[in-house]
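Given only the sequences and the hints, what does the whole structure look like? Please build it.
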Amino acid sequence: ILRDLPNQDGNTDNLKSIISKLAGKRSVLKKYRVSRYWFEGLAFDIESEDPAVLGPIDMLWVDEHCLLIRLHPSIYSNIFQSLLAKHGDVISLEDCRYSLGSITLKGAKSLNALSSIIRTNSPSISFQQLTSAAKLADTSVLPQRTMFAFQCTDPRHLAAPKIATSNFSKAPTVDDVLNLQKEFPSEEISETLQILCDQKKRTESYANQQTLKQLAARRRKLFLTSPCNEYRNMIPHNTKTDPSIPLLIVRRERNDDWVLMLPWFWVLPFWYQLKKVSRV
Numbered sequence: 039i040l041r042d043l044p045n046q047d048g049n050t051d052n053l054k055s056i057i058s059k060l061a062g063k064r065s066v067l068k069k070y071r072v073s074r075y076w077f078e079g080l081a082f083d084i085e086s087e088d089p090a091v092l093g094p095i096d097m098l099w100v101d102e103h104c105l106l107i108r109l110h111p112s113i114y115s116n117i118f119q120s121l122l123a124k125h126g127d128v129i130s131l132e133d134c135r136y137s138l139g140s141i142t143l144k145g146a147k148s149l150n151a152l153s154s155i156i157r158t159n160s161p162s163i164s165f166q167q168l169t170s171a172a173k174l175a176d177t178s179v180l181p182q183r184t185m186f187a188f189q190c191t192d193p194r195h196l197a198a199p200k201i202a203t204s205n206f207s208k209a210p211t212v213d214d215v216l217n218l219q220k221e222f223p224s225e226e227i228s229e230t231l232q233i234l235c236d237q238k239k240r241t242e243s244y245a246n247q248q249t250l251k252q253l254a255a256r257r258r259k260l261f262l263t264s265p266c267n268e269y270r271n272m273i274p275h276n277t278k279t280d281p282s283i284p285l286l287i288v289r290r291e292r293n294d295d296w297v298l299m300l301p302w303f304w305v306l307p308f309w310y311q312l313k314k315v316s317r318v
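Residues in the sequence shown are numbered consecutively from 39, following our numbering.
In short, the hints are calculated from the structure, not lab data. Treat the hints with care, as some may be off.
Claimed, not checked - Listed below are the simulated EDC-like cross-link pairs for lysine to aspartate or glutamate, each with C-alpha atoms no more than 16 Å apart in a straight line: (1) K278 / E242; (2) K63 / D51; (3) K68 / D51; (4) K200 / D176; (5) K124 / E78; (6) K54 / E87; (7) K59 / E85; (8) K147 / D295; (9) K124 / D101; (10) K68 / E78; (11) K69 / D101; (12) K313 / D294; (13) K54 / D101; (14) K144 / D295; (15) K147 / E102; (16) K54 / D133; (17) K239 / D280; (18) K239 / E132; (19) K124 / D176; (20) K173 / E132; (21) K239 / E229; (22) K69 / E102; (23) K173 / D214; (24) K238 / E132; (25) K200 / D214; (26) K147 / D176; (27) K147 / D280.
Dropping the structure here:
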């Protein structure tokens, strides 16, 4: 995560010029910095007079003065150290190698698989858009800026992956697809991204993260409830004690895949639940 630091004049334009050298001028277009499109491109060696290509780079501008960069492990250290050595006095760098994790999914059923293990703990427009888009067999019809960000419950609360009830409604129409862009929940997504980029709030998401044994005990207690609990497949979320997990799901158009990004210690619970989905 890169952030601008104000200089002596109070200006904070350093990040824009640095990223322009690192990923090319296209990466700092208003489309990416303001409208929050996911950027896919190439990273260049900023220490060389004749910049050589180091490898692929993914970026998302959280706001105009904060940037989330995703790199391949083989070039991560090189780029991080170069930025720190050359521009550490004008920008703030946060190493999130063991703070943020991601899972990449590819194929027509990627969103369907994700929506079968994810549930929100509060009303969310972004989650509603996810469940709607998950019904599409051809994701190429989705807008270029397609991303979902919200806070969800522990996926292990579901005994088995199951499509949300709302997903059984009719398939999305052309208007529904267009509304993904027209009704883009910018404020909700911005709030979630701010949480993902905040070390303290990421740590808070681990509070009361339960073991499988503890979850099994809760599920067993529900089965013994009389009358039988209506949430047979799911442990109800307790807003007072259960953790709330910020996550980002973004479509990478060039790679034709989906990236799920979330706090590091939630990656394995999501991974194990995804492996329960048929053909994942």
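Quick rundown of the hints versus the structure:
no.: 1; hint: K278 / E242; result: 13 Å, holds
no.: 2; hint: K63 / D51; result: 14 Å, holds
no.: 3; hint: K68 / D51; result: 14 Å, holds
no.: 4; hint: K200 / D176; result: 21 Å, violated
no.: 5; hint: K124 / E78; result: 24 Å, violated
no.: 6; hint: K54 / E87; result: 19 Å, violated
no.: 7; hint: K59 / E85; result: 10 Å, holds
no.: 8; hint: K147 / D295; result: 11 Å, holds
no.: 9; hint: K124 / D101; result: 23 Å, violated
no.: 10; hint: K68 / E78; result: 15 Å, holds
no.: 11; hint: K69 / D101; result: 12 Å, holds
no.: 12; hint: K313 / D294; result: 21 Å, violated
no.: 13; hint: K54 / D101; result: 11 Å, holds
no.: 14; hint: K144 / D295; result: 5 Å, holds
no.: 15; hint: K147 / E102; result: 34 Å, violated
no.: 16; hint: K54 / D133; result: 19 Å, violated
no.: 17; hint: K239 / D280; result: 15 Å, holds
no.: 18; hint: K239 / E132; result: 15 Å, holds
no.: 19; hint: K124 / D176; result: 44 Å, violated
no.: 20; hint: K173 / E132; result: 37 Å, violated
no.: 21; hint: K239 / E229; result: 12 Å, holds
no.: 22; hint: K69 / E102; result: 11 Å, holds
no.: 23; hint: K173 / D214; result: 11 Å, holds
no.: 24; hint: K238 / E132; result: 13 Å, holds
no.: 25; hint: K200 / D214; result: 23 Å, violated
no.: 26; hint: K147 / D176; result: 9 Å, holds
no.: 27; hint: K147 / D280; result: 29 Å, violated
When the structure is compared with the earlier hints, violations turn up for hints 4, 5, 6, 9, 12, 15, 16, 19, 20, 25 and 27 and for no others.
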